[in-house]
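Enquirer: Full structure from sequences and hints, please.
For the record, the sequence lines run as chains A and B. To convert, note that position 191 of the first sequence is 191 in my numbering; the numbers rise steadily by one, no gaps. To convert, count from 1 in the second sequence and add 204; that's my numbering.
This list has only true hints and no planted wrong ones.
Only pairs whose alpha carbons sit at most 20 angstroms apart, straight line, appear in this in silico SDA-like list of lysine to any residue:
no., chain 1, residue 1, chain 2, residue 2
1, B, K319, A, A19
2, B, K298, A, S39
3, B, K448, B, D468
4, B, K298, A, P24
5, B, K483, B, A579
6, B, K319, A, T21
7, B, K319, A, P15
8, B, K480, B, V564
9, B, K319, A, R23
10, B, K480, B, H502
11, B, K528, B, H265
12, B, K448, B, Q469
13, B, K509, B, R230
14, B, K524, A, Y46
15, B, K540, B, D472
16, B, K480, B, K569
17, B, K298, A, N29
18, B, K499, B, K509
19, B, K298, A, A32
20, B, K554, B, G567
21, A, K63, B, L587
22, B, K298, A, P25
23, B, K319, A, D13
24, B, K298, A, R38
25, B, K319, A, D14
26, B, K524, A, V48
27, B, K540, B, L553
28, B, K298, A, E35
29, B, K319, A, Y16
30, B, K509, B, T245
31, B, K528, B, N246
32, B, K319, B, Q469
33, B, K448, B, D547
34, B, K319, A, N22
No lab work stands behind these hints, which were simulated from the structure alone.
Each chain, written out:
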Amino acid sequence: MPFTLPWTKKQDDDPYWDAFTNRPPADPNALALFEMLRSAPDGNVYPVQSEVHSPDIMAQHLKGLASFFGADVVGILRLAGNTAPAGREPDAPTEYPFGILVGVRAEHDPSTAAGMGGQTPVLKGAGVTFNLGAYIRECGYHATRTQAGGLDRLAAACGLGTLNGAGRLVTAAFGDGIHLADVVLTDLPLAPDGEEAAPWPPTS
Amino acid sequence: MTVITRPTEPSDKGALEPFTVPYLGRTVRIVGPVANIDPSTNPHQMNVRGELGKAVFNWRHNTISSDPLGRVGFDDHCADRSHVLTNVVRRAPKVAVNPNRTPVADPAAMSAHIKRVARHFGLDVVGIGASHPAYLFAGKAINPDTGEALDAVDGPEILARRLPFMVVGSVAWNYDMTKAHRHHVGDAAYDFTQQRTALILNILESYIRELGYHTLRGAVQGQAASVAAGIGELGRNGLVITEKYGARIHSGDAIMTDLPLVADQPLDIGVDDFCKVCKKCAITCPTNSISFDDKVVHNGIEKYKINWETCYKLRPLMVKWAAKCLTCVTVCPYTKPSTWWHDVAIFSLKRTPIPARSLVARGLKWLDDAIWGTAPNKRVRWLGYDTGVKPGEKACTIPGCTANHGESSTATVPNVGYYPPLKENTNRFVQRG
Chain A
1 MPFTLPWTKK
11 QDDDPYWDAF
21 TNRPPADPNA
31 LALFEMLRSA
41 PDGNVYPVQS
51 EVHSPDIMAQ
61 HLKGLASFFG
71 ADVVGILRLA
81 GNTAPAGREP
91 DAPTEYPFGI
101 LVGVRAEHDP
111 STAAGMGGQT
121 PVLKGAGVTF
131 NLGAYIRECG
141 YHATRTQAGG
151 LDRLAAACGL
161 GTLNGAGRLV
171 TAAFGDGIHL
181 ADVVLTDLPL
191 APDGEEAAPW
201 PPTS
Chain B
205 MTVITRPTEP
215 SDKGALEPFT
225 VPYLGRTVRI
235 VGPVANIDPS
245 TNPHQMNVRG
255 ELGKAVFNWR
265 HNTISSDPLG
275 RVGFDDHCAD
285 RSHVLTNVVR
295 RAPKVAVNPN
305 RTPVADPAAM
315 SAHIKRVARH
325 FGLDVVGIGA
335 SHPAYLFAGK
345 AINPDTGEAL
355 DAVDGPEILA
365 RRLPFMVVGS
375 VAWNYDMTKA
385 HRHHVGDAAY
395 DFTQQRTALI
405 LNILESYIRE
415 LGYHTLRGAV
425 QGQAASVAAG
435 IGELGRNGLV
445 ITEKYGARIH
455 SGDAIMTDLP
465 LVADQPLDIG
475 VDDFCKVCKK
485 CAITCPTNSI
495 SFDDKVVHNG
505 IEKYKINWET
515 CYKLRPLMVK
525 WAAKCLTCVT
535 VCPYTKPSTW
545 WHDVAIFSLK
555 RTPIPARSLV
565 ARGLKWLDDA
575 IWGTAPNKRV
585 RWLGYDTGVK
595 PGEKACTIPG
605 CTANHGESST
615 ATVPNVGYYP
625 PLKENTNRFV
635 QRG
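Expert: Shown next as structure tokens:
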């Protein structure tokens, strides 16, 4: 009989946990809110642009704000390349010089755990990026969220962790149990974490 | 005593036991017939109809927050509704009840599972209560099977039988931010935890329907559900006070369900004894809306009753600085951070025999006054905000920011926050003797 710690036994006894984590919902609407949050259209940019602190302080504030919204790790990147998302609005900027990467702790990998429990990090990440984008727009700057692959490499580039052999991000606090949410692209002046500009769109 | 004795349906006549008076702990007692409250008579709904006066109506409908965070947190004062997360949550489609119902052999195991799921989603407190018609709103009952409206009188009883359990929970507010009440920082603590609570309860409801069971929200009075589910006790300030977070929680919109569960029992953490002695919330309430007197019987329920109208009408007077008051939450000694001395204090109170609790409560109140102050106005620094500087009288022009930016800052009071309006400015609400 394997040795079990007393405080872990209780959770192992949960007969419903595996289905909660891994069984895809019978009604796709169960995950509709997750997608609604991710794909909610950007609101209007507040007409009066706020004065901002130096990019250093503004970057600290945004990271603090992301943590308050529920992020576990946050990084800021300077982006190079074609940063304008496809299908942008006519009055949207043609380039976003900064990207904000948000990671939330993931007990289960959302790419393999299809149950509502397994998808929870997606929901949390979508909530954080939704609020971050909205806040930046309320400060009078543009911000939009975009879904992209190959984010692990960018996260490693801005110091959130290192890549393992499989190319996945490994953080000091959560190992590879981290889910990277959609990137918030913005023209708000920020101090990036990495020294070099990251190519955009990212390559896997 | 029986509160409601009607049979649920004609065919059930005589077959079901009537509901008996529920036990709600020592802070609330049902002592007479309870009329189910029409939800359209709550202050927010009355204000929507303009029944509370122009000032409060304009506060809600025609005011945009000067703080970017305030415009994102709550749709009362936003500039663009699509920036408020709660508006997305409201549009989420209802999940169909899964026809392949998950069998529940052990309701206790399912209760533990639901609580674990709720915490996994992010709730800090969660409890399960037994439904009772007295907790339900009137006139809004909907048959969860068919979606049809139920009769306003029979509705609560039918619902309480068909959906015998209530799952209720909340995300707790950060204590350090809560200290900055009547300030953008306190507003943010309130608004964003409310957003997350609404989001999580929505997902939790979807999960229960995925398990194959019916759910209904919007039918239960949140505080009644919270007290019945053992989340906390009802304090003098009219708020549910929890053991770990004090009054720093939302009495969220409980999920009624027919999922087989085991109901929790109401708590006794000494709130009844402490509130008799403390009265800090009554002393510091800017509008004197909280009574210094004993409990009263209102609608068949014995409890402390606040004057909600004067409480509500403070809002437009402080709209320049904040959207919410929250003074009674902040000053409540139970609201202090969950530290060892906080836990020891509550443990000592709840383990003391009831006749001797008054003495212990007086000692704890004296300690709280000595250490934290009788009317704490702590200075809070959070991100770029600093409550030690009067808004508008500082160098920084970032909306909402009063941070110390060096020599140009006018911050002269080191450890006291600026939280207008002060109590003496609002004497207009109450004639003092």
